[in-house]
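Line order of the protein sequences matches chains V and D.
If you count the first sequence from 1, position 24 lands on 27 in the working numbering, and the numbers rise without skipping.
If you count the second sequence from 1, position 65 lands on 68 in the working numbering, and the numbers rise without skipping.
In short, the hints are calculated from the structure, not lab data.
Please note: incorrect hints may appear among the correct ones.
Since copy identity is lost for identical chains, a pair holds within one copy or between any two.
As the list claims (entries may be wrong) - Cut-off 30 Å, straight-line C-alpha distance, at most; resulting in silico cross-link-like pairs (DSBU-like, lysine-lysine):
1) K74 with K115
2) K84 with K48
3) K16 with K74
4) K83 with K5
5) K74 with K13
2 protein chains.
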Amino acid sequence: MKHVHYTDVKREKVDDPAATGVNVRWLITREDGAEIFAMRRFDVKPGGHTPHHSHDFEHEVFILEGGGTLKVEDREEDLKKGDVVFLPADIEHQFVNDRDETLSFLCLIPYKD
Amino acid sequence: MKHVHYTDVKREKVDDPAATGVNVRWLITREDGAEIFAMRRFDVKPGGHTPHHSHDFEHEVFILEGGGTLKVEDREEDLKKGDVVFLPADIEHQFVNDRDETLSFLCLIPYKD
Numbered sequence: 004m005k006h007v008h009y010t011d012v013k014r015e016k017v018d019d020p021a022a023t024g025v026n027v028r029w030l031i032t033r034e035d036g037a038e039i040f041a042m043r044r045f046d047v048k049p050g051g052h053t054p055h056h057s058h059d060f061e062h063e064v065f066i067l068e069g070g071g072t073l074k075v076e077d078r079e080e081d082l083k084k085g086d087v088v089f090l091p092a093d094i095e096h097q098f099v100n101d102r103d104e105t106l107s108f109l110c111l112i113p114y115k116d
Numbered sequence: 004m005k006h007v008h009y010t011d012v013k014r015e016k017v018d019d020p021a022a023t024g025v026n027v028r029w030l031i032t033r034e035d036g037a038e039i040f041a042m043r044r045f046d047v048k049p050g051g052h053t054p055h056h057s058h059d060f061e062h063e064v065f066i067l068e069g070g071g072t073l074k075v076e077d078r079e080e081d082l083k084k085g086d087v088v089f090l091p092a093d094i095e096h097q098f099v100n101d102r103d104e105t106l107s108f109l110c111l112i113p114y115k116d
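The following block holds chain V by itself, in its conformation from the complex:
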């Protein structure tokens, strides 16, 4: 088993030219024995955003702190603490922090072989 505080997990800059001001912590991974899905925590600084992209796997998201805007296909939706988002595979999406405090969320993804 694994039991840590999230701050004990290494924070890494998201190394994607389409991302700005985004850090990630891979909280639960295959290295911990999780073979089916992974838990990550993202922290997006004010003015930052994740890439605007789509991919062949889904996201399960829970907003922990802060707020922002979810751009999804041709819509914009307000994000706030306690929000739950399920993004199916192959849907264009982007998390934008247009607020004054850090936007933090969990984003879980399946492992696909």
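Once you have looked at the hints, place chain D on chain V.
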């Protein structure tokens, strides 16, 4: 896709005689198109606890609010906001709220066919 606040999801009492003071919200499920894993939020009242049990699937847990004690096999571990827990399959575990405020956590599980 799905985008709601967690309070928009129906809160259900955990109907297990081995659980006390536990409510669950099934935030993301197969009904939303999530075929691989489900997201649930549990709220455990002060003095409450989840069943002391084990099962053939893993848990991925993130503590949202409050604190408590994780009983796992023959150990007891302190739980606090921001803690991350990976419980592999077939490990005895129980979440106990021995504090004065509600213990809230996300617990994600795989769908197994």
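Inset, instruction - Tell me, please, which holds for K84 and K48 at an alpha-carbon limit of 30 Å: within, between, both or neither? - result: Both. Shortest intra-copy (15 Å) and inter-copy (21 Å) distances satisfy the 30 Å Cα cut-off.
Legend entry - Intra- versus inter-copy proximity for K5 and K83 (alpha-carbon distance at most 30 Å): For K83 and K5, both the intra-copy (29 Å) and inter-copy (14 Å) Cα distances are at most 30 Å.
Legend entry - Status of K74 relative to K16 across identical chains (alpha carbons, at most 30 Å): within (22 Å within a copy, 35 Å between copies)
Inset, instruction - Tell me, please, which holds for K74 and K13 at an alpha-carbon limit of 30 Å: within, between, both or neither? - result: both (28 Å within a copy, 26 Å between copies)
Inset, instruction - Since the copies are identical, ignore which copy is meant and state whether K74 and K115 lie within 30 Å (CA to CA) inside a copy, between copies, both or neither. - result: within (25 Å within a copy, 32 Å between copies)
In the structure shown, no violation is registered for any of the earlier numbered hints.
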